[in-house]
Amino acid sequence: MIRIYTDGSSRGNPGPGGWGAIVFFGDEFVVELGGREAHTTNNRMELTAAVYALRFVESHEKKREDQGNFTRSNDLKSYPIDLRTDSQYLINGITKWIWGWEKNGWKTAAKEKVLNQDLWMELFSLTQQFKVNWNYVAGHSGVIANERCDEIATAFADGIKVPLYSGELSKYALANIAGGENSRGQEKDYKKSDREKNRKYSYISMVDGKIMVHDNWDECEKRVKGVSGAKYKKISSETEKARVMEEFTAYLRAHLQSKRKI
Numbered sequence: 001m002i003r004i005y006t007d008g009s010s011r012g013n014p015g016p017g018g019w020g021a022i023v024f025f026g027d028e029f030v031v032e033l034g035g036r037e038a039h040t041t042n043n044r045m046e047l048t049a050a051v052y053a054l055r056f057v058e059s060h061e062k063k064r065e066d067q068g069n070f071t072r073s074n075d076l077k078s079y080p081i082d083l084r085t086d087s088q089y090l091i092n093g094i095t096k097w098i099w100g101w102e103k104n105g106w107k108t109a110a111k112e113k114v115l116n117q118d119l120w121m122e123l124f125s126l127t128q129q130f131k132v133n134w135n136y137v138a139g140h141s142g143v144i145a146n147e148r149c150d151e152i153a154t155a156f157a158d159g160i161k162v163p164l165y166s167g168e169l170s171k172y173a174l175a176n177i178a179g180g181e182n183s184r185g186q187e188k189d190y191k192k193s194d195r196e197k198n199r200k201y202s203y204i205s206m207v208d209g210k211i212m213v214h215d216n217w218d219e220c221e222k223r224v225k226g227v228s229g230a231k232y233k234k235i236s237s238e239t240e241k242a243r244v245m246e247e248f249t250a251y252l253r254a255h256l257q258s259k260r261k262i
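The numbers in UniProt numbering rise by one with no breaks, and the one at position 240 of the sequence shown is 240.
Quick caveat, the hints were computed from the structure, so don't treat them as lab data.
Only a predicted model underlies this, so the values are computations on that prediction, with no experimental measurement involved.
Incorrect hints may appear among the rest.
What the hints assert, rightly or not - List of simulated lysine-lysine pairs, DSBU-like, C-alpha gap at most 35 Å:
1. K63 x K225
2. K171 x K63
3. K111 x K225
4. K210 x K225
5. K231 x K241
6. K96 x K210
7. K241 x K96
8. K161 x K225
9. K161 x K233
10. K234 x K131
Unchecked claim - Now the in silico label distances, taken between C-beta atoms and shown as ranges:
11. Y89 x H39: 11 to 21 Å
12. Q257 x E168: 32 to 42 Å
13. E102 x Q257: 15 to 25 Å
14. Q257 x K103: 45 to 55 Å
15. E221 x T249: 14 to 24 Å
Just so it is clear, CB atoms sit at the ideal spot from N, CA and C, and this is done for glycine as well.
Between the sequences and the hints, there should be enough to build the whole structure, so can you do that?
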């Protein structure tokens, strides 16, 4: 089975955005994907992540076909893809709304043009080639693969180049972390290990040039939700806290320097 995690992010809605995806090919290997758009929305980035992930699978399977490993028409639809996202917009759109949109010439029930039509049309086309199971996973709930996608997406949205892994699953840093993927590429039913359950998380936010540390997600969410340019990160250790504080400080410094040049 191929398992995919996706996430999207935007700094402002619209504003600079990024997307991230992780594709697990059974127990063989894993690929991280990510990208950026200068002016976009969060929903477009959620859709883009899914589109690029499925494009990658399509390209990968085409290579297998060219190498004579399988016959595309016979095998591709019978090979399941488990795609997991924290976007209700993506889940509802692809499993419920899209059939009506397609039937009505990509118009809503109110006869208005479907938002993000280009991406929905491509996603619809891609899903006709595969047997995709769409599953919702709650964001910021300790599912490490989902949080890694969020990390990739937010980094790209901020214009930060993040190293993307591509290689054997056994050598992947997240391969054996509970709540993500185990060595066989299977999620542990969203359950956390005792270590995860006992781990204390906190959050760092940056709004209008001011950095704050929060004891819980609710406090952080209240500060950043709906605020253009807000940044935040989840942390679980003093080392990680120091790294994120340094990252945010460097971002502020670079932002101030760019403003002085204008």
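Against the structure, the hints:
1. K63 x K225: With a Cα-Cα distance of about 43 Å, the restraint between K63 and K225 is violated, given a limit of 35 Å.
2. K171 x K63: 23 Å, holds
3. K111 x K225: With a Cα-Cα distance of about 31 Å, the restraint between K111 and K225 holds, given a limit of 35 Å.
4. K210 x K225: Within the cut-off at roughly 15 Å; holds.
5. K231 x K241: Measuring from Cα to Cα gives roughly 14 Å; hence the hint holds.
6. K96 x K210: With Cα atoms ~42 Å apart, K96 and K210 exceed 35 Å; violated.
7. K241 x K96: 41 Å, violated
8. K161 x K225: This hinted pair holds, its Cα atoms lying about 24 Å apart.
9. K161 x K233: Roughly 16 Å separates the two Cα atoms, so the pair holds.
10. K234 x K131: 34 Å, holds
11. Y89 x H39: 11 to 21 Å: For H39 against Y89, whose Cβ atoms are near 19 Å apart, the range 11 to 21 Å holds.
12. Q257 x E168: 32 to 42 Å: 41 Å, holds
13. E102 x Q257: 15 to 25 Å: With a Cβ separation near 48 Å, E102 and Q257 fall outside 15 to 25 Å, so the hint is violated.
14. Q257 x K103: 45 to 55 Å: 53 Å, holds
15. E221 x T249: 14 to 24 Å: 22 Å, holds
Checked against the numbered hints above, the structure violates hints 1, 6, 7, 13; every other hint is satisfied.
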